[in-house]
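J.: If you want the building blocks of each chain, they are given just below.
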Amino acid sequence: MKLLALFATLMTGAILLYGTMDFPAFGDPQSPAATHLATYFTENAVRETHVPNLVTAVLGDYRGYDTMFETVVIYCAGLAVVSVLRKKKPSVPENKS
Amino acid sequence: MRLLQDQTAEQKLGESLIIQTAVRILVPFIQLFGLYVIVHGHYSPGGGFQGGVILGASFVLLTLAFDQKFALKYMSEKANNILSNAGALLFTGTATLCAICYGGKFLDYSALDKLLPLGPIAWRSFGIFVIEVGVGLAVMSISASLFWLLGSNGEMDEGL
Amino acid sequence: MDQIAALIIAKYNYWIYVTLMMIGFYAMIGKRNLVKKLIGLNIFQTAIILMFVSAGVKKGAKIPILDKHHVMEHGVNVVDIVNPVPHVLMLTAIVVAVSVTGVALAILLRIYREYGTLEEDEILEKLGR
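Residue numbers (this note's numbering), protein chains in the order written: chain A, 1 to 97; chain B, 98 to 257; chain C, 258 to 386.
Just so you know, these hints were derived from the structure itself, not from any lab. Keep in mind that the hints are not guaranteed to be accurate.
Among the chain C residues that face chain B by a calculated CB cut under 8 Å, a handful are [to be verified]:
| no. | residue |
| --- | --- |
| 1 | 318 |
| 2 | 346 |
| 3 | 347 |
| 4 | 354 |
| 5 | 355 |
| 6 | 357 |
| 7 | 364 |
| 8 | 366 |
Glycine included, each C-beta is placed from N, C-alpha and C at the ideal position.
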């Protein structure tokens, strides 16, 4: 069973490494991730929002949906933990009847 | 698990006087630093998530050095629930206020300019600040309540 | 041979995250203890975070915090600034990872309360399978 798991893990790693042959090199300024939308954010975010920290500007304004539903996700996580774990102690002893 | 809790309660493991005094002095400064990280997120590395986690970690430190009852004196369970609700509501409420305010779009903070004229760009900056505070409140109270609930097996009483 | 070595050196970040991902994946499917599975999940998430952050790196670039007045007057050269979008995505992903860990630990505590063990086969035995 453990040998099967090891085999599956090694196969997945080999496939992923084969997939990275097409990926851009480390630190490439012309990689696809850096050329499409990030260029617009870097050039215009300070002028449009007056926030020098680009991460905060993108987090709060351009990707507001992402951040909002992410807050809802952690709120739901807190709600789930309370509803799974919380137990109230009985305030009156139960052996009266 | 029960045995370990009993041992801890009897022998006061990890609760020496030095640790307690150091934590008592450190905790206000940690909370001040967390507030700074939230508020100064426009100009330096920081923001709602990071500052909220620092604020939550201060309560975790109080719980580890003292007792959970002692930490719950600073932030009761009811206040914690109210703060987590208020944080999520501040974010979604600001977003909805943008939408219902004179034909603006959802999460477009420049629409709030018609409510209080400061200029659309200044409102975009200020709207980011408001939602960062909301995120910080939610992350703080939920990370603290996760630790308290997991540490006390759901009883919110004596804890670890 | 030199070409293969050059390829590995140019993309060594992918080798690191694939190795981390393999460790986490093996822990998730190979181990029998549920807490070890959860630790494997966390290592897996760390690998994904590392991959995204390394996708935003530009060689010789600065952090994405700009000088406001300088940018308003002269503009900014995009090649000099690190890509901020993967940082934003991973900032939210880290907090989601924390809440996933919290919910998973809560469920594990509940399982321990119910069955008295966290080993997978013992739980299946108590379930009567």
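J.: Take the hints in turn and mark each one as holding or not.
T.: Against the structure, the hints:
1. 318: Since chain B brings no Cβ nearer than about 16 Å to residue 318 (chain C), farther than 8 Å, the hint is violated.
2. 346: violated, 13 Å
3. 347: violated, 11 Å
4. 354: violated, 12 Å
5. 355: holds, 7 Å
6. 357: Violated, because the Cβ-Cβ distance from residue 357 (chain C) to chain B comes to roughly 11 Å (cut-off 8 Å).
7. 364: violated, 11 Å
8. 366: holds, 6 Å
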